Each structure stands twice: as structure tokens, then as C-alpha cells.
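Chain E is already provided as a structure; the job is to place chain W on it using the hints.
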Amino acid sequence: EPEVTQTPSHQVTQMGQEVILRCVPISNHLYFYWYRQILGQKVEFLVSFYNNEISEKSEIFDDQFSVERPDGSNFTLKIRSTKLEDSAMYFCASQVNTEAFFGQGTRLTVV
Amino acid sequence: DQQVKQNSPSLSVQEGRISILNCDYTNSMFDYFLWYKKYPAEGPTFLISISSIKDKNEDGRFTVFLNKSAKHLSLHIVPSQPGDSAVYFCAASGRGNEKLTFGTGTRLTIIP
Chain E
434 EPEVTQTPSH QVTQMGQEVI LRCVPISNHL YFYWYRQILG QKVEFLVSFY
484 NNEISEKSEI FDDQFSVERP DGSNFTLKIR STKLEDSAMY FCASQVNTEA
534 FFGQGTRLTV V
Chain W
104 DQQVKQNSPS LSVQEGRISI LNCDYTNSMF DYFLWYKKYP AEGPTFLISI
154 SSIKDKNEDG RFTVFLNKSA KHLSLHIVPS QPGDSAVYFC AASGRGNEKL
204 TFGTGTRLTI IP
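Protein chains in written order, with the working numbering: chain E, 434 to 544; chain W, 104 to 215.
Chain E with its partners taken away, still in its complex shape:
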């Protein structure tokens, strides 16, 4: 069964450093998303991506965040200068019709 894969599974970084979270969506899906879940809180939408551009972003997705699909398969989320409050599980999802399929997540810990 096709699945969304994310790497790394866990990333520890120092505050102020850049991180890149990687995702390989399901190959025939056209809509891609990043969500995050801070420990103990709900899953929150960050950004959606379609046809090689951002289609919607939340207020969380500020200038420190960027996404791209550099080679037609990988879908990346970059945080330029991490803050302590960026510590969370980050989930990539790809979607066809109404069902979004999620990766297993990257746990980002900012110290």
C-alpha cells in the first residue's frame, strides 16, 4: 500500500539553526500539506501546496518557514531560524479527493 514517508524521524537542533524536514508524498497525489502537533495540543495546519505553489498558509507559517518540491517527488519544509516554540511533531500529508494520508512524522526538538 502506498504511503507517505518522512525523514528524519527525530531532529534535535540548536535554537537559531536552520532545519529541513523531508517528505515523499504518495506518487499520484497532487495536494500536499504540512501540519504540526505541539505536545499535548491538537494537530494544526501549516501550509498547503498545489501545482508547485503555496495554495494556503496559516498564521503560524511566517517568514521563517518555506516549502518546496525541488525534484517532483520530495516535498520539504524549511525553518530558517528555529525557536524553542517550534518544538513539535511535524506531519506531512498528501491528498486525493477528501482523504489526506499522513506520514509518521518528524519530531523536532529545539534546544
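Just to be clear, a hint being listed does not mean it is correct.
No farther apart than 30 angstroms at their CA atoms in a straight line, the calculated lysine-lysine pairs in the BS3-like style are these [unchecked claim]:
#1 W:Lys108 - W:Lys159
#2 E:Lys475 - W:Lys174
#3 E:Lys511 - W:Lys159
#4 W:Lys174 - W:Lys108
#5 W:Lys157 - E:Lys475
#6 W:Lys108 - E:Lys475
#7 W:Lys174 - E:Lys490
#8 E:Lys475 - W:Lys141
#9 W:Lys159 - E:Lys475
Quick look at which bits of chain W chain E covers, simulated, 3 or more residues with Cβ under 8 angstroms [unchecked claim]:
#10 145-155
#11 203-212
Derived from the structure by calculation, the hints contain no laboratory data. A quick note: this is a predicted structure, and the numbers were derived from the prediction, not measured. For each residue, glycine too, the CB sits at the ideal point set by N, CA and C.
Structure of chain W alone, referenced to chain E:
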């Protein structure tokens, strides 16, 4: 703004009995409603969905009911099995391929 609410943070049910998880929403523009199951350290796994034009959708042991006038949906699992123990999230979207808005989740524990 809590557009999707799950008011029960936890629920315990005996194995073999029915589990009923509830979800309320406030945004009348939502068109699709979905239930996801999540184990620790894993991503949410899609379970079942329902369109706003329906009031019931069934898939094996899982049934979702939608009451549009009350802005309420519920997930019924019967019979409940130990492997059903997980956190269940209700989610909603405006139409196909729009972002999902999640509830806060309900931790379901099935007691053997």
C-alpha cells in the same frame, strides 16, 4: 478559535461493547468530516469520512453519523477491540482538497 471540538479527552470501554466518540463543529461551511486514529509516535491514520449530504456512512466496524442541524458527528465502533485503543481525532474541511481542521482528540482505551 475551536471550530472543531471533542469535549471528551478520554473514554474507556469494555472489549466487545460499543465505543461512541463525539465531535461538534461550529463552521457551517464545512462539507466533509473525517475520523483519524493516532498511535503514539505515528501519524494520523484515516478511518472513515462522511460528506455533508449524507447522515451516515458505514465501513465494517466503524460507522459515522452526521447531524447537520446540531453540527454534531459521532463515530461508533462495534464491537470494540483492544487494538482500537488510540487517540481519535475528528477533522473537517470545506470541500475536497482543502486543509483539515482537527479537534483536540479523544483517547480511547479498550479494557480487555
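So, going through the hints one by one against the coordinates:
Of the supplied pair hints, the one linking Lys108 of chain W and Lys159 of chain W holds, its CA atoms being roughly 20 angstroms apart against a limit of 30 angstroms. Taking the CA atoms of Lys475 of chain E and Lys174 of chain W, the gap is about 20 angstroms. The hint holds against a cut of 30 angstroms. For the hint pairing Lys511 of chain E with Lys159 of chain W, the CA-to-CA distance comes to about 41 angstroms; that exceeds 30 angstroms, so the pair is violated. A hinted pair counts as satisfied when its Cα atoms are at most 30 angstroms apart, and Lys174 of chain W with Lys108 of chain W qualifies at roughly 11 angstroms.
The hinted pair formed by Lys157 of chain W and Lys475 of chain E meets the criterion: a straight-line CA distance of about 27 angstroms does not exceed 30 angstroms. The suggested pairing of Lys108 of chain W with Lys475 of chain E holds, with an alpha-carbon distance near 10 angstroms, which does not exceed 30 angstroms. Between Lys174 of chain W and Lys490 of chain E the alpha-carbon distance is near 26 angstroms, which keeps this suggested pair within the 30 angstroms criterion. With a C-alpha separation of about 12 angstroms, the suggested pair Lys475 of chain E and Lys141 of chain W falls inside the 30 angstroms cut-off, and the hint holds.
For the given pair, Lys159 of chain W sits about 26 angstroms from Lys475 of chain E by alpha-carbon distance, which is consistent with the 30 angstroms threshold. Coverage of a stretch by a chain is defined here by at least three residues with a beta carbon nearer than 8 angstroms to that chain's beta carbons; for the segment 145-155 of chain W and chain E the count is 7, and the condition holds. Counting residues of the segment 203-212 of chain W whose beta-carbon sits less than 8 angstroms from any beta-carbon of chain E gives 6, enough to reach three: the coverage restraint holds.
The earlier numbered hint that this structure contradicts is number 3, and it is the only one.
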